[in-house]
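Peer 1: Add chain B to chain A, keeping to what the hints say.
Keeping their order, the protein sequence lines are chains A and B.
For the record, in the first sequence the residue sitting at position 51 is 51 according to my numbering, with numbers rising by one throughout.
For the record, in the second sequence the residue sitting at position 377 is 377 according to my numbering, with numbers rising by one throughout.
Calculated directly from the structure, the hints in this document are not laboratory data.
Treat the numbers as computed from the prediction; the structure is a model and nothing was measured.
Incorrect hints may appear among the rest.
[As the list claims (entries may be wrong)] As a list, the in silico BS3-like pairs of lysine-lysine whose alpha-carbon atoms are at most 30 Å apart:
{"id": "1", "chain 1": "B", "residue 1": "Lys643", "chain 2": "B", "residue 2": "Lys583"}
{"id": "2", "chain 1": "B", "residue 1": "Lys901", "chain 2": "A", "residue 2": "Lys102"}
{"id": "3", "chain 1": "B", "residue 1": "Lys1013", "chain 2": "B", "residue 2": "Lys911"}
{"id": "4", "chain 1": "B", "residue 1": "Lys512", "chain 2": "B", "residue 2": "Lys339"}
{"id": "5", "chain 1": "B", "residue 1": "Lys911", "chain 2": "B", "residue 2": "Lys901"}
{"id": "6", "chain 1": "A", "residue 1": "Lys44", "chain 2": "A", "residue 2": "Lys68"}
{"id": "7", "chain 1": "A", "residue 1": "Lys102", "chain 2": "B", "residue 2": "Lys1013"}
{"id": "8", "chain 1": "A", "residue 1": "Lys27", "chain 2": "B", "residue 2": "Lys1013"}
{"id": "9", "chain 1": "B", "residue 1": "Lys1013", "chain 2": "A", "residue 2": "Lys57"}
{"id": "10", "chain 1": "B", "residue 1": "Lys1107", "chain 2": "B", "residue 2": "Lys944"}
{"id": "11", "chain 1": "B", "residue 1": "Lys643", "chain 2": "B", "residue 2": "Lys623"}
{"id": "12", "chain 1": "B", "residue 1": "Lys512", "chain 2": "B", "residue 2": "Lys428"}
{"id": "13", "chain 1": "B", "residue 1": "Lys1006", "chain 2": "A", "residue 2": "Lys27"}
{"id": "14", "chain 1": "A", "residue 1": "Lys4", "chain 2": "A", "residue 2": "Lys102"}
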Amino acid sequence: MNKKTTLLCVDDEPMNLDLFEINFGAKYDVITAESGSEGLDKLKVTPEIKIVLTDMKMPGMNGIEFIKIAKSEFPNVIFYILTGYSITEEISDALNDKLIEKYFSKPYNMGDLEAVIDEALK
Amino acid sequence: MCDEKNILLVEDEIAIAQNQKVLLGKYGFNVIVAKTEEEAVQAVEGTRKINLILMNVALSNGMDGILTAKTILEKFDIPLIFISARPDANILEKTERLTSYGYIDKNSGETALVAAIKMALRLFESKMKKLETLSLRESAYENSMVPIVVIDCKAYAIIDCNKAAVKIYGYAAKDEITGRTPAELSPPFQYDGTSSSEKIKYYVEKALSEEQIIFEWLYQRPNGSLWDAEVQLKSFIDKGNQLAQFTLADISDRKKTELSLYDSESRIKSFSNNFTSGMIYQIVMKPDGARKFTYLSDSVQLLYGVSPEEAIADETLIYGRIYKDDIPGLTRAEEEAVKTFSTFKVEARVKDPVGKIRWSSFVSTPRLLNDGSICFDGIEFVITERKNTEEALLESETKYRNVVENSIVGVYIIQSGLFRYVNKQFCKMFGYTYDEIINKLGPMDITYPDDRTVVNGNIMRRINGEVEFMEYEFRAVRKDNRVISVRVLGSYMVHQGNPAITGTITDITEQKQAEEGLKKSEALLRTLIDILPDLVWLKDSDGVYLKCNQRFGEMFGAKENMIVGKTDYDFVDREKADFFREKDRAAATAGGPTINEEEVTFKDGHNEILETIKTPIYAADGKLIGVLGISRDITERKKTEEKLRENQRFLTTLIGNFPGMVYRCQNNEEWTMDFVSEGSIAVTGYSPEQLMNSKVISYGNLVYPEDRQMVWNVVQSGILNARPFRMEYRIIDALGKEKWVWEQGCGVRQDSGELLWLEGFISDITERKHAEEALKESEELFKNILDYAPYSIILTDMDYRYKLANKAFYSLNNLSEAETIGKTTEELGFVVEPEISKFLATQMDENGKIENLEMPLVDKNGRKIVFLYSSLVIQWKNQPMILISNVDITEKKMIESELEKYRDRLELLVKERTEELAAANEELQTINEELMEQREELRTTLDKLKAAQKRVVQSEKMASLGIFAAGIAHEINNPLNFINGGVYGLERYFRENLSGHIDNVALLIKAINVGVKRAAEIVASLSNYSGRYDLPPTNCNIRSIIDNCLVILDDQLKNRISVKKNYTDIPAALIGNERKFHQAFYNILSNAEQSIAGKGEIDIDAKVIDKELIITIKDSGCGISPENLPKIFDPFFTTKDPGKGTGLGLSITYNIIEEYKGTLEYETKLNKGTKAIIKLPINNSGKQ
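Bound-form chain A, shown alone (with noise of 0.2 Å):
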């Protein structure tokens, strides 16, 4: 019954999917997605999804469309954004609206994501 805990990361630049695989691999079970249409289907067809890390620009819809369409149907998920901007009025728009639990500057420290995210799951 020790599960480990399904994670999805959503980022157009492959380079930084990878780099969760490597990082988090050993801890959850990372599923990554190239888009948010990609992420949406992901979701649909694994219901163990409970956190998603999503990145904020990407072409077709942006991180935010993607979670807006994404909380709609998956209330229980946890979803944070992780931007290469500092803090827009999107996305603390989102933070009011309780859309996401947090959000990342990119560069973030792959350590304190993964203590952010430990937490969410207590």
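Peer 2: Frame of chain A, contents of chain B only:
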């Protein structure tokens, strides 16, 4: 008392009869024997009372005992026992039908017989007692003064009622009412519009479910008159039938009182609303001197600019407006008036809502209230207008006469046996016309024959002077032969030199009838009275209670059985009991009902005002049984009456205080007056009596004939538009003098909209009119004089705006009055040279006048004119004005100058030439100077442009840097993230798999992490250009922001640099982003600190000049070299060592200050120090 009972024995056998007589005699019975039916009947009818009959059934002489018994019992109620030797069923049945006292066998023996007799006597006695009670109750019900009606709840029909009910319904006999429904005795509809028959059903149904209800009902008597009843309805069941009992009380009077209260209130209201040139008020002064308004008419809004409610809540809103110097006069007048309770009148100045002083007249009458307070009913009149023209108008008499004569009393004068004068009511009372009586009828003609002797005697005694005054009653006969009872109050008088008698006469027929009815009624109220809302009781002539109802018991807090047998002295204090006893005696001696009112405290502590009717009750033999009392709670009615009286007093005082006449009249061409106040004497010379009902003259006749149509039209238009009418017109007064009056009034309508009458007041304004007319005439004269002057005369205000001009002015200048008035000379198209205007103004200022000044000007057509101008400051209508006269001397001047021209021509030509040359020279010089000036100006402009361009370039640089920074931030952050993630992964890998080597790579990993961190910081500070971290602007405390920066820099400053702060008195708040301000000041202060190598100082100064906050930060540092100064705001320009500064600080600071519309400047001297000057506009939140 002889207790022997008489027994009639009907027995034809003598022996048996004798035997029985002896036998019964032993038991104390006296036996009378009858042998035949005749004897038996004789004995019963005889003087001796027969207590019992023993009847033999079978009599041998052929007579039938049963038949005999029947004959007797049909006439008499006597107990009867049959005796028979052979009782059989047949006989038993026959006798049982006749008597219930029994049947005895002849042979049953002595004991049985005596027992049967005793039993029968007892039975009869108790039956008699019961009968007595029954008839008593019936009598109580029948004779009760309270009208009671019983109806059948199924048919809603009346099945019974008492005498009082028949009377109150206005019928003669009970059978006229029974069988009808209460709705049939009522008008078809009740006040609320519901049909009477539906509504009575509703109430009866309600009474069935609620047992007892009380409601008000409108009834109609057969003569058509309506009356209001308070009905108490209680349902009960009698012999299986559902019945209801109505107890009625006539409350018409109460209703009338309520209606007249309403009428009185609405009159005050209508009166107040009519009265807009003043204010009606009522103020109460407590014994401690505190004042409070209790009433103010709506016009207080107009006169004081506050609503009645506001002024009632705070009287200083009114008192505070009275002119300070006039308050002692007002107070003195009030105090005087209170001493004698007389009306006072004071004139005082009051500040009106726009701050102007007006004159007001306060007229008021004090009266004392129950609690010792003094109430002033008063009126404030605005009299400013009157003051200005003439002295106050004549004051009217203050007393308001009781205008309504008690017209229900007839008045007469008799002389020489004939009536010489009677009033209307007298005629009405006897059904004659005035002419039919006067000098034709004598007192005997209207007197009932039986009473003529008495009446004649009384008249003679008065004529002979035996008595001066007398009062008596007699029966009189009307023209239609109906007999009425009247009461006369008469006295002796001299009429036209001869003795006569005069008096008043009142119709007391109804009163008499009522008294008759009362005399007849001999009642002990009981059965039905317990449920009455009234207190009912009966006392014997010694004041001992015989009966009382439940409600009466409540007063003493005791049940009936506790009260009966006792007197008032057992329940209330001696004084009160004496009072009751006194009233009881008075009622007994009066012989009829007496009414008194008293306030009574009930046992439970509440008070009621009771109206008590006490009626002596007599037994059939005329002996006084006692006094019957019925009390009704009239507390509410009393309150209403009190309120009505209060209102009437108020109105009375108001009307009396009017200087002028208050009226109520009909809307006809005579303006027939229903009511006129005493003020009519002052206004018209006629008294109210003469004017009312057009007795001597109609008001319409007083109106000046030529004004009558106008008056009629104004009034009708006012009525039509439901607005008050106001007008001024002339009347001819009693002395034939023409007078001007001012009238204001309005139509008073019923709720249904029908016009009832007109109300208003009329005051004398003759004096004012005369003054006005005189003024008008004098103005006319003045205007004529002006208009016939051949030259222009103008009147202007002090700004030279035309107010008036004469005919000559208009015709000479071809102008109309309309285009002239209000304009100045210049606005009319005349051109006056400025020097001349200036000269005129100076002259006027110094001397107040100008005489015969030659003034050239140009008119609107460009024609040059010369006027001989004179002006003078005068006072006109209390205003300083300038009177100007202009005589046109253009022609004269032209001729003069023509001559001069010829003379001076040669000289002039030479002069002109010289002047022309000089002018040309001068012109050249001027042009030269102008060119020089322009060159200088161009140079300045060029410098300004250069500075502006520099600023534009700088801000352009900043803006593009912002966009650039934002763009690259993301692109750099992403690869930085790869590095971070990668290093993190590597570190983990080493830790997990190559832990032996971890120490070897630790420094390498640290180097990568530091590199990434520094790169990320540069990117982050760049993003400050992008304005991405905008937060909503707030109030920022600049002082605490600077303080805060100094705290952060404290480590670098302490023990090295002294900071002088001189910015404590600047306004702290600026609107903006606190983080940005913080960053800007931090950068400047940080640069200052870094510029100082060893010890030094920083001075911070701040001041406000022209809505600009100017902060200077001066350091004693190394300064900036002249070649570096222009570059200090460029991004990435720095003189610091690598890693110590990005070169972005001042660039960002510059950007922030510019964003808030401020400026940042640096003044510097190498090795001496640098001064940063920051200017920020106050109240400017910068870009939003």
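Peer 1: Taking the hints in turn, state whether each one holds.
Peer 2: Checked hints:
1. Proximity of Lys643 of chain B to Lys583 of chain B is assessed by CA-CA distance (about 28 Å); at most 30 Å being required, the pair is judged to hold.
2. Proposed proximity of Lys901 of chain B and Lys102 of chain A is contradicted: the alpha carbons are some 102 Å apart, above 30 Å.
3. About 94 Å separates the Cα atoms of Lys1013 of chain B and Lys911 of chain B, which puts this hinted pair outside 30 Å; it is violated.
4. Distance hint between Lys512 of chain B and Lys339 of chain B is unfulfilled; the C-alpha atoms sit about 48 Å from each other, more than 30 Å.
5. Annotation: proposed proximity of Lys911 of chain B to Lys901 of chain B holds, straight-line Cα distance about 14 Å (limit 30 Å).
6. Distance check on the hinted pair: Lys44 of chain A and Lys68 of chain A sit about 15 Å apart at the alpha-carbon level, within 30 Å; holds.
7. Only pairs whose Cα atoms come within 30 Å are accepted, and Lys102 of chain A paired with Lys1013 of chain B is accepted, the gap being roughly 21 Å.
8. In summary, the hint linking Lys27 of chain A to Lys1013 of chain B is supported, as the alpha carbons are separated by about 26 Å, within the 30 Å threshold.
9. Taking the CA atoms of Lys1013 of chain B and Lys57 of chain A, the gap is about 22 Å. The hint holds against a cut of 30 Å.
10. With a C-alpha separation of about 23 Å, the suggested pair Lys1107 of chain B and Lys944 of chain B falls inside the 30 Å cut-off, and the hint holds.
11. For the suggested pair Lys643 of chain B and Lys623 of chain B, the alpha carbons sit about 45 Å apart, so the restraint of at most 30 Å is broken.
12. The straight-line distance between the Cα atoms of Lys512 of chain B and Lys428 of chain B is roughly 19 Å, inside the 30 Å bound, and the hint therefore holds.
13. Proximity of Lys1006 of chain B to Lys27 of chain A is assessed by CA-CA distance (about 25 Å); at most 30 Å being required, the pair is judged to hold.
14. The straight-line distance between the Cα atoms of Lys4 of chain A and Lys102 of chain A is roughly 22 Å, inside the 30 Å bound, and the hint therefore holds.
Checked against the numbered hints given earlier, the structure breaks hints 2, 3, 4, 11 and satisfies all the rest.
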